[in-house]
Amino acid sequence: MQENTINAASGQVSLTDVSKSFTLKIEGKVQTVHALKSISFDVKPSEIVMLIGPSGCGKTTALRILMGLETASRGRVSVGGKEVRGCGYDRGLVFQHAELLPWLTAAQNVMFGLEMKGMRGGELKDTAQRYLELVGLKDAAKRRPYQLSGGMKQRVGIARALAIDPEVLLMDEPFGALDAQTRESLQGELLDIQARTKKTIIFVTHDLDEAVLLADRIIVMRAGSVQEEIRVPLPRPRGDLGALRGTPEFAEARYQVWKALHALEAVH
Amino acid sequence: MMFATLEEEPKLKREFPKWAITCLSVAFVILAWEFFGRDINPVFGSYPSAIAVAFWQLLKSGQLLSALAQSMQAFVVGYGLAVIVGVPLGLLIGRSRVLEAAIGVFITAAYAMPLVALVPLLVLWMGLGFTVKACVVFLMAVFPIIINTWLGVRAVPKTLIEVGKSFVASDFTILRRIVLPATIPYIMAGIKLAVGRGVVAMVIAEFFTAISGLGAIIINAANAFDTARMFVPVIVLMVLATALNSFVGLVERWVAPWQSEISGRDEG
Chain A
1 MQENTINAAS GQVSLTDVSK SFTLKIEGKV QTVHALKSIS FDVKPSEIVM
51 LIGPSGCGKT TALRILMGLE TASRGRVSVG GKEVRGCGYD RGLVFQHAEL
101 LPWLTAAQNV MFGLEMKGMR GGELKDTAQR YLELVGLKDA AKRRPYQLSG
151 GMKQRVGIAR ALAIDPEVLL MDEPFGALDA QTRESLQGEL LDIQARTKKT
201 IIFVTHDLDE AVLLADRIIV MRAGSVQEEI RVPLPRPRGD LGALRGTPEF
251 AEARYQVWKA LHALEAVH
Chain B
269 MMFATLEEEP KLKREFPKWA ITCLSVAFVI LAWEFFGRDI NPVFGSYPSA
319 IAVAFWQLLK SGQLLSALAQ SMQAFVVGYG LAVIVGVPLG LLIGRSRVLE
369 AAIGVFITAA YAMPLVALVP LLVLWMGLGF TVKACVVFLM AVFPIIINTW
419 LGVRAVPKTL IEVGKSFVAS DFTILRRIVL PATIPYIMAG IKLAVGRGVV
469 AMVIAEFFTA ISGLGAIIIN AANAFDTARM FVPVIVLMVL ATALNSFVGL
519 VERWVAPWQS EISGRDEG
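Protein sequence lines correspond, in order, to chains A and B.
Heads up, the first sequence stops at 268 in this note's numbering, and the numbers go up one at a time, no gaps.
Heads up, the second sequence stops at 536 in this note's numbering, and the numbers go up one at a time, no gaps.
Simulated from the structure, these hints should not be mistaken for laboratory data.
Positions of the beta carbon are idealized from the N, C-alpha and C atoms, including for glycine.
There may be inaccurate statements among the hints.
Unchecked claim - Here are the simulated BS3-like pairs of lysine-lysine, each with C-alpha atoms no more than 27 Å apart in a straight line: (1) Lys117/A - Lys433/B; (2) Lys44/A - Lys433/B; (3) Lys142/A - Lys426/B; (4) Lys460/B - Lys117/A; (5) Lys25/A - Lys286/B; (6) Lys138/A - Lys117/A; (7) Lys125/A - Lys198/A; (8) Lys44/A - Lys82/A; (9) Lys142/A - Lys433/B; (10) Lys37/A - Lys82/A; (11) Lys433/B - Lys82/A.
Stated by the list, open to error - Quick list of simulated restraints, FRET-style, between CB atoms: (12) Gly86/A - Ser364/B: 17 to 23 Å; (13) Lys82/A - Asn513/B: 51 to 57 Å; (14) Arg365/B - Pro235/A: 49 to 55 Å; (15) Glu228/A - Arg365/B: 27 to 33 Å; (16) Ser225/A - Thr427/B: 24 to 30 Å; (17) Leu419/B - Glu228/A: 46 to 52 Å; (18) Leu386/B - Lys82/A: 55 to 61 Å; (19) Asp139/A - Val373/B: 51 to 57 Å; (20) Gly121/A - Ser364/B: 22 to 28 Å; (21) Glu252/A - Ala423/B: 48 to 54 Å; (22) Ala369/B - Thr71/A: 45 to 51 Å; (23) Ala423/B - Thr71/A: 24 to 30 Å.
Kindly generate the complete structure, drawing on both the sequences and the hints.
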C-alpha cells in the first residue's frame with residue numbers, strides 16, 4: 001500500500017472534454033444520444049468526489065468510462081497521470097448490486113481479482129482474509145453469496161475492489177439497494193476505510209444526504225453536462241454521521257446541493 | 269440459565285419424501301397394468317408378469333446382457349463425444365458474434381433434422397457395425413447440448429462478464445471462470461435432454477442394422493409376435509434412461525452445489 005505514495009500523481013483523476021454519444025434505434029428511427037457532452041473535472045489524490053444527478057444525466061456513463069468498460073467518443077481520461085485505455089488494476093469498481101460470483105465463497109470472490117492480478121498461494125489467502133477483515137466480514141469468509149445479506153454482499157464487493165490495491169475506487173450507487181440502517185453503517189465504514197487506505201473515491205449516487213455525508217466535493221450533473229461543483233465544508237474525519245446530520249453545517253451544505261438539484265428540475 | 273421460550277426443540281420440516289411418492293406412483297401403474305393387461309390378446313399387448321417371465325428367460329440365456337453391452341458401448345461413445353464436442357462448441361457460439369452468425373443457423377436446422385430418414389444413408393457410408401450406431405447417437409445427442417449451452421451463455425448477466433473485465437481478465441479466462449460456471453444449469457439441462465434422445469437414437473440405429481443390441485431383440489421379437497419379449501428391452505431402456513438422468517442430476521449437484529441452494533429446490 002505504501003508504494004502508491006512514491007508517484008505524486010497516484011490517485012489523481014482527470015477528465016478533459018469527455019463526450020460520449022451512441023446511436024439508438026427508437027421506433028425505426030436512428031437517433032444519436034449524447035450521454036456526455038464535453039465534461040471536464042479533476043479529482044485530487046485521496047479526495048472523495050460524489051457524482052449526483054437525476055437518472056439519465058450521464059453519471060454512471062462517466063464512471064464506466066473512467067473504469068474503462070466504455071470508451072469516450074472524444075476527450076481525454078487519465079488516472080495517476082496515465083491515459084485510461086481499458087480496465088486496469090489502478091482502478092477498482094464496486095458494482096451497484098455487488099455482482100459477486102454466486103458459485104464462489106466470500107473469500108474466493110475477493111481472491112478472484114487478486115488471482116487475475118497474478119497473485120498465488122498463501123499470499124493470496126492472507127490478502128483476501130485481510131480485506132475481509134477490513135470490511136468486517138472475518139467470520140463470513142466461507143459463506144456463499146446466497147448466504148449473505150445485501151449489506152454483507154456489498155462489503156465483499158468493496159473488499160474485492162480494494163484487495164487489488166487500486167489507486168482509485170469507483171463506486172456505482174453501491175448502497176442504493178440497501179435498507180436505510182445498513183446503508184448508514186456502510187457509509188460510516190467506507191469513510192473509516194478511506195481514512196486508513198487514503199484511496200481516491202469517485203462515487204455515483206442519487207441520494208442527496210449520502211452525497212453530503214461522504215463527499216469532499218459534489219459534482220452535480222444534468223443532461224450529460226457538469227451543472228455545478230460544490231465543495232462540502234464539513235471537516236474530516238466526519239465522526240458520527242448520525243450526529244453530523246443534526247448539525248447546522250450539514251443542513252447548510254445539504255441545502256446548497258438541494259438548490260443545485262432543484263435548479264435542474266425547474267429547467268426540465 | 270435457560271431461556272424460557274426454548275421449551276421445544278425446533279422441529280425440522282417433515283414432509284412425505286419425494287422418492288416414496290415416486291415409488292408409490294410406479295407401483296400403482298404396474299398394478300393397474302397387470303390388472304387390465306391380462307384381458308388383452310397377448311399379440312396386441314402384454315402385462316408386467318408376462319414381461320418379467322420373458323425378462324428372466326432373456327437374462328438366463330445371456331442374450332439380454334450381451335445385447336445391453338453392445339448397445340451401451342455405442343451409446344457411451346456417441347453420447348460421451350456429444351458432451352465433449354457439444355459443451356465447448358455451445359460456449360464458443362454463445363460468446364462469439366461471428367460463430368453465432370456463421371454456425372448457429374446450421375445447429376438450429378440440424379436440431380430439427382429428421383435423422384431417421386438419414387440412417388439408411390449413414391449405414392451405406394459406415395456399414396452395419398458399431399460406428400454407425402455411435403454416430404447416430406452422437407448426432408441425436410449433440411444438438412440439444414449445443415443449443416442449451418448456447419442459450420445458457422446468452423443468459424449470463426452482462427454485469428458478471430464486466431466483473432471479469434474490470435479485473436482485466438482475458439476472454440478465455442472470462443469464458444472458463446465466469447461463463448462456464450454461470451451456464452452449468454443450462455448445460456446440465458441439455459445433457460439430460462440428450463440422454464433420452466441418445467437412447468432413442470441407439471434403438472433406431474439398431475432397427476436398421478437389426479443384428480445386434482437391444483434394438484435387434486425388439487425388432488426380432490416383434491417380427492415373431494412375441495410381444496412380452498419385445499417389451500423387455502423397451503423397459504430396460506426406459507429404466508436405464510431414468511437412471512442416467514438421476515446420475516446427471518447427481519453430477520450436477522457435485523459440480524454445482526450452489527445451484528440447488530440458490531433455486532431452493534431439492535432435486536431428490
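Hints the structure fails to honour = Hints 4, 5, 15, 20 and 22 are the ones this structure does not satisfy, whereas the remaining hints hold.
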